[in-house]
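Student: Sequence:
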Amino acid sequence: MPEESCCFIAVFGKVNVVQHPVDGGVYPIPLSYCPAIGSGDRMLLFCLKDYPGYAWEAPGIGIVSETTQRNRAGGVYVDVCYEYKALNAPIKRDAVIGCLTAQEARQLMYPRLKTNWLRRIGDASARRLGL
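FYI, in our numbering the residues of the sequence shown are 1 to 131.
Honestly, I wouldn't trust all of these hints.
Pairwise CB distance ranges (calculated) [said to hold, decoys possible]:
| # | residue 1 | residue 2 | range |
| --- | --- | --- | --- |
| 1 | M109 | N71 | 31 to 39 Å |
| 2 | K85 | V18 | 16 to 24 Å |
| 3 | E83 | D123 | 18 to 26 Å |
| 4 | A73 | A124 | 14 to 22 Å |
Capping the alpha-carbon separation at 30 Å, the derived lysine-lysine pairs in DSBU-like fashion look like this [claimed, not checked]:
| # | residue 1 | residue 2 |
| --- | --- | --- |
| 5 | K14 | K85 |
| 6 | K49 | K14 |
| 7 | K85 | K49 |
| 8 | K49 | K92 |
| 9 | K14 | K92 |
Please keep in mind that the hints were generated in silico from the structure rather than gathered at the bench.
Just so we're clear, the structure is a prediction, and the values are computed from it rather than from any experiment.
Glycine included, every Cβ here is placed at the ideal spot set by N, Cα and C.
Please build the complete structure, drawing on both the sequences and the hints.
Tutor: Below, the structure written as structure tokens:
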């Protein structure tokens with residue numbers, strides 16, 4: 001019996017905008033910050049306030065196709081490769097937060113990093129977000 005896919009929120013900051021834009025299909029994240037994620041998993045692609053064009057919005061969903069590890073200055077990274085699916089209209093931050101549990105919402109409202117980070121979300125939150 002195949003495993004069920006998991007859902008995540010992938011947060012994009014302005015740090016990797018040129019090399020890895022939200023619609024680019026590759027989400028690089030340090031191995032030490034990468035939860036278990038694999039083919040078929042779904043990510044809500046959410047941009048922080050400093051991301052050009054999509055400040056505090058989720059413009060699309062990423063369907064994970066594969067993950068690969070690579071060495072890079074600063075350590076080992078995981079490239080989460082995904083198929084980008086644009087939403088009809090970006091989901092605003094408040095609407096995203098309204099679909100999450102209190103703990104999930106706190107992580108999104110007060111991100112500690114200005115770069116990419118990835119968090120798993122529960123099934124109920126994923127359903128409310130349409131993942």
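Student: Hints first: check each against the structure and report whether it holds.
Tutor: Going down the list of hints, with the structure as the test:
1. Between M109 and N71 the C-beta distance comes to about 34 Å, which sits within the given range of 31 to 39 Å.
2. Separation of K85 from V18 is about 22 Å and conforms to the stated range, judged on CB atoms against 16 to 24 Å.
3. Between E83 and D123 the C-beta distance comes to about 21 Å, which sits within the given range of 18 to 26 Å.
4. The supplied range of 14 to 22 Å is broken by A73 and A124, whose beta-carbon atoms lie about 39 Å from each other.
5. The straight-line distance between the Cα atoms of K14 and K85 is roughly 20 Å, inside the 30 Å bound, and the hint therefore holds.
6. Of the supplied pair hints, the one linking K49 and K14 holds, its CA atoms being roughly 9 Å apart against a limit of 30 Å.
7. Using a Cα cut-off of 30 Å, the hinted pair K85 and K49 holds, with the two alpha carbons roughly 21 Å apart.
8. For a cut-off of 30 Å, the pair hint linking K49 to K92 stands: about 11 Å separates their Cα positions.
9. A threshold of 30 Å between alpha carbons decides the hint, and for K14 with K92 the separation of about 18 Å falls inside it, so the pair holds.
Hint compliance for this structure: hint 4 alone is broken.
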